[in-house]
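> These are the residues of each chain, in order.
2 protein chains.
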Amino acid sequence: MNLRIPGPTPCPPQVLEAMRKQMIDHRGKEFGQIMLQITARLKEFYQTKGDVLILTGSGTGSMEAAVANTLSPGDKVLSICNGTFGERFADIAETFGASVTRLRFELGKGAELAVVRKALEADPSIQAVTITHNETSTGVTNDLESLSAVVKGFDKFLMVDAISSMGCIKLPMDAWGCDVVLSGSQKGWMVPPGLAFVGLSQRAWDAVAKAKMPRFYWDFKKAKSNAEKGQTPWTPAVPIFYALAVSLELMAQEGLPNILARHERVGKAAREGAKSLGLTLFADERYASNTVTAINTPAGVDVDKLLAILRDEYDTILASSRGEMEVFRIGHLGFVTEEDIEKVIEALQLALMSMGVITCST
Amino acid sequence: MNLRIPGPTPCPPQVLEAMRKQMIDHRGKEFGQIMLQITARLKEFYQTKGDVLILTGSGTGSMEAAVANTLSPGDKVLSICNGTFGERFADIAETFGASVTRLRFELGKGAELAVVRKALEADPSIQAVTITHNETSTGVTNDLESLSAVVKGFDKFLMVDAISSMGCIKLPMDAWGCDVVLSGSQKGWMVPPGLAFVGLSQRAWDAVAKAKMPRFYWDFKKAKSNAEKGQTPWTPAVPIFYALAVSLELMAQEGLPNILARHERVGKAAREGAKSLGLTLFADERYASNTVTAINTPAGVDVDKLLAILRDEYDTILASSRGEMEVFRIGHLGFVTEEDIEKVIEALQLALMSMGVITCST
Numbered sequence: 162m163n164l165r166i167p168g169p170t171p172c173p174p175q176v177l178e179a180m181r182k183q184m185i186d187h188r189g190k191e192f193g194q195i196m197l198q199i200t201a202r203l204k205e206f207y208q209t210k211g212d213v214l215i216l217t218g219s220g221t222g223s224m225e226a227a228v229a230n231t232l233s234p235g236d237k238v239l240s241i242c243n244g245t246f247g248e249r250f251a252d253i254a255e256t257f258g259a260s261v262t263r264l265r266f267e268l269g270k271g272a273e274l275a276v277v278r279k280a281l282e283a284d285p286s287i288q289a290v291t292i293t294h295n296e297t298s299t300g301v302t303n304d305l306e307s308l309s310a311v312v313k314g315f316d317k318f319l320m321v322d323a324i325s326s327m328g329c330i331k332l333p334m335d336a337w338g339c340d341v342v343l344s345g346s347q348k349g350w351m352v353p354p355g356l357a358f359v360g361l362s363q364r365a366w367d368a369v370a371k372a373k374m375p376r377f378y379w380d381f382k383k384a385k386s387n388a389e390k391g392q393t394p395w396t397p398a399v400p401i402f403y404a405l406a407v408s409l410e411l412m413a414q415e416g417l418p419n420i421l422a423r424h425e426r427v428g429k430a431a432r433e434g435a436k437s438l439g440l441t442l443f444a445d446e447r448y449a450s451n452t453v454t455a456i457n458t459p460a461g462v463d464v465d466k467l468l469a470i471l472r473d474e475y476d477t478i479l480a481s482s483r484g485e486m487e488v489f490r491i492g493h494l495g496f497v498t499e500e501d502i503e504k505v506i507e508a509l510q511l512a513l514m515s516m517g518v519i520t521c522s523t
Numbered sequence: 162m163n164l165r166i167p168g169p170t171p172c173p174p175q176v177l178e179a180m181r182k183q184m185i186d187h188r189g190k191e192f193g194q195i196m197l198q199i200t201a202r203l204k205e206f207y208q209t210k211g212d213v214l215i216l217t218g219s220g221t222g223s224m225e226a227a228v229a230n231t232l233s234p235g236d237k238v239l240s241i242c243n244g245t246f247g248e249r250f251a252d253i254a255e256t257f258g259a260s261v262t263r264l265r266f267e268l269g270k271g272a273e274l275a276v277v278r279k280a281l282e283a284d285p286s287i288q289a290v291t292i293t294h295n296e297t298s299t300g301v302t303n304d305l306e307s308l309s310a311v312v313k314g315f316d317k318f319l320m321v322d323a324i325s326s327m328g329c330i331k332l333p334m335d336a337w338g339c340d341v342v343l344s345g346s347q348k349g350w351m352v353p354p355g356l357a358f359v360g361l362s363q364r365a366w367d368a369v370a371k372a373k374m375p376r377f378y379w380d381f382k383k384a385k386s387n388a389e390k391g392q393t394p395w396t397p398a399v400p401i402f403y404a405l406a407v408s409l410e411l412m413a414q415e416g417l418p419n420i421l422a423r424h425e426r427v428g429k430a431a432r433e434g435a436k437s438l439g440l441t442l443f444a445d446e447r448y449a450s451n452t453v454t455a456i457n458t459p460a461g462v463d464v465d466k467l468l469a470i471l472r473d474e475y476d477t478i479l480a481s482s483r484g485e486m487e488v489f490r491i492g493h494l495g496f497v498t499e500e501d502i503e504k505v506i507e508a509l510q511l512a513l514m515s516m517g518v519i520t521c522s523t
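Residue numbers (the numbering used here), protein chains in the order written: chain D, 162 to 523; chain V, 162 to 523.
If we strip away everything but chain D, and leave its shape as in the complex, we get:
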């Protein structure tokens, strides 16, 4: 089965093998060593001298954790939204009592620097900015380096959902001045879902010290004090730690520059492949993501039927739309090669031919 959704992604065989290891004491020496080793490696990939905490939960859990640990009810937050996940970050901040302004951009486009600058100028009381680095729903990667420079020009607190970008798309956390950077195990990290990661700058810890939103399970201070002992405050999803230790070793062997270059190649293969079939891309190519590609559903095509044919006849799992966009999506992150994507494009061609949507090989 060629599983090509934007997470969970397939796992390498060595990673799956690690998952079958028997349980150990999560407050014992062996777990402590795994925890310390993983944390050190994650910090390398985050390119941060700050902290990277490991939480048991999904990426959305880490978004809630980021909000509840660094904000107080009534805090003014500017949420940059150009898709489902940008809206989700805003929803969470609102649910926990922040005063959220949503700065919306056209779906499929990147957030515009000038508009963000204007919004920050217009309201000096804004304290924090949330942004989705890679918007999985539309296949857009926002220009975080430039956006961060704008946000930092106004000295605002910057929270980044990098759930589907960290480890696959360039994001040096410290160099780009990000305060909170989120990721999830089932994305670029090539392990099953169950863990989320939170990178925190010193400024983030200062925010934690003042923040008054309620948190217990997600409490960053408890996570940090426990991590220093090689533990987690609550019982962690132990097997995903086993898996992560193996996958981070594989990633270190490949090296971050090579991993980023591979994602560039597979991203390009997905876009060029789709276009070679006469399909059109949802995202403006200037902002095209190298981890997920959203393809416009051709006129008259029942997308559910297309995805079912791909699954049942061509062993290929693609993702449906997450939102109102009339698209289907190819995930190409983590354990993925250009060959995997070529197979997706071949399957897509055959499925579209069987549906009578395209008539000849290209």
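One thing to keep in mind: the hints can contain errors.
It does not matter which identical chain is used: a pair holds within one copy or between any two.
[Stated by the list, open to error] Simulated crosslink set (DSS-like; lysine-lysine; CA at most 30 angstroms straight-line): (1) Lys371 / Lys237; (2) Lys331 / Lys270; (3) Lys190 / Lys270; (4) Lys317 / Lys382; (5) Lys190 / Lys466; (6) Lys190 / Lys385; (7) Lys504 / Lys182; (8) Lys237 / Lys383; (9) Lys382 / Lys504; (10) Lys204 / Lys182; (11) Lys237 / Lys382; (12) Lys390 / Lys466; (13) Lys371 / Lys429; (14) Lys190 / Lys504; (15) Lys204 / Lys331; (16) Lys466 / Lys383; (17) Lys466 / Lys182; (18) Lys385 / Lys466; (19) Lys373 / Lys383; (20) Lys190 / Lys331; (21) Lys237 / Lys373; (22) Lys190 / Lys382; (23) Lys210 / Lys466; (24) Lys390 / Lys436; (25) Lys466 / Lys313; (26) Lys466 / Lys429.
Hints were generated in silico from the structure; no laboratory data involved.
Since the structure of chain D is already known, use the hints to place chain V on it.
Chain V in isolation, oriented as in the chain D frame:
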């Protein structure tokens, strides 16, 4: 290695084997079937016609979820506390803004019915009661059947931490009138940590409809509406679902009455075994837990050294104290037989002999 802590517990080989299965689409048919099958089985073990939700997180996560979904800031809560986990439930309710009264009982004793009755009589404004069915820190099982009758006599909302009891110690949720009943995958269910379960009565759903504490990741309504489609609102810890499907099948084959009887036998084996070495039990035997036994650290013994000798020389992992109690603990729940516990007692005897604490075989 004989891992005998109160979770994570060892997993049967078939369960570990299931953990290595490749990832699938968590919004696809196959996952939906697993989800529906697991949910139906969990309801059988919970003995409820209500709902059982599956959340990705630890047992503590489910406690936070229970609080945030059913209470509003300012709600008056009576927290029955006779150990670390009873206090934790109270801490969480307080953190989220409830007005908590802690009704404390001596550690190692069960909560007393008359005292609970008096507390409920004394303050009619109490809306909800939290209780730990099985207090893992002290090895006490509270008499939930009787306590629930008292609480229900006052028509209060009852939230039960059954994290280390459900599936191993008798707890028919509906028959005993419990509104929220929590459990965790790494306890009696014989699977790795990563999932938590929440049983909910109709009254619990009525509480959810009125509750104003903030929740997003843990939102029960989102979990329920997604579960009806065989999905979870956020990306779930997929491999633990694979494992749980296998373990629930094993549990169904054994049958709940046999499982409960086995836990009675291993509980007794742990207590009798400890006493046969001249050790004393922390918990009043009238309330002795069949899933965890806390043993008083003999005078003059360095408990860390004892646990290290057990681990390094006798391949036996026991748990240290969780709190101020001078104890160490044997977990005997889930994948456990009397033989496993006999081996623990043998190891304990040899370790204590090597430390000069006991001098002859018994």
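> Compare the structure with each hint and give your call.
Structure-based check of each hint:
no.: 1; hint: Lys371 / Lys237; in the structure: both (15 angstroms within a copy, 27 angstroms between copies)
no.: 2; hint: Lys331 / Lys270; in the structure: within (19 angstroms within a copy, 57 angstroms between copies)
no.: 3; hint: Lys190 / Lys270; in the structure: neither (48 angstroms within a copy, 32 angstroms between copies)
no.: 4; hint: Lys317 / Lys382; in the structure: within (22 angstroms within a copy, 34 angstroms between copies)
no.: 5; hint: Lys190 / Lys466; in the structure: between (51 angstroms within a copy, 14 angstroms between copies)
no.: 6; hint: Lys190 / Lys385; in the structure: within (18 angstroms within a copy, 39 angstroms between copies)
no.: 7; hint: Lys504 / Lys182; in the structure: between (32 angstroms within a copy, 22 angstroms between copies)
no.: 8; hint: Lys237 / Lys383; in the structure: both (26 angstroms within a copy, 26 angstroms between copies)
no.: 9; hint: Lys382 / Lys504; in the structure: neither (46 angstroms within a copy, 39 angstroms between copies)
no.: 10; hint: Lys204 / Lys182; in the structure: both (25 angstroms within a copy, 29 angstroms between copies)
no.: 11; hint: Lys237 / Lys382; in the structure: both (23 angstroms within a copy, 27 angstroms between copies)
no.: 12; hint: Lys390 / Lys466; in the structure: between (51 angstroms within a copy, 18 angstroms between copies)
no.: 13; hint: Lys371 / Lys429; in the structure: neither (44 angstroms within a copy, 50 angstroms between copies)
no.: 14; hint: Lys190 / Lys504; in the structure: between (44 angstroms within a copy, 22 angstroms between copies)
no.: 15; hint: Lys204 / Lys331; in the structure: within (14 angstroms within a copy, 46 angstroms between copies)
no.: 16; hint: Lys466 / Lys383; in the structure: between (48 angstroms within a copy, 27 angstroms between copies)
no.: 17; hint: Lys466 / Lys182; in the structure: between (39 angstroms within a copy, 27 angstroms between copies)
no.: 18; hint: Lys385 / Lys466; in the structure: between (47 angstroms within a copy, 27 angstroms between copies)
no.: 19; hint: Lys373 / Lys383; in the structure: both (15 angstroms within a copy, 25 angstroms between copies)
no.: 20; hint: Lys190 / Lys331; in the structure: neither (34 angstroms within a copy, 34 angstroms between copies)
no.: 21; hint: Lys237 / Lys373; in the structure: both (14 angstroms within a copy, 21 angstroms between copies)
no.: 22; hint: Lys190 / Lys382; in the structure: within (22 angstroms within a copy, 40 angstroms between copies)
no.: 23; hint: Lys210 / Lys466; in the structure: neither (48 angstroms within a copy, 36 angstroms between copies)
no.: 24; hint: Lys390 / Lys436; in the structure: neither (52 angstroms within a copy, 34 angstroms between copies)
no.: 25; hint: Lys466 / Lys313; in the structure: neither (46 angstroms within a copy, 52 angstroms between copies)
no.: 26; hint: Lys466 / Lys429; in the structure: within (26 angstroms within a copy, 58 angstroms between copies)
The structure shown violates the earlier hints numbered 3, 9, 13, 20, 23, 24, 25.
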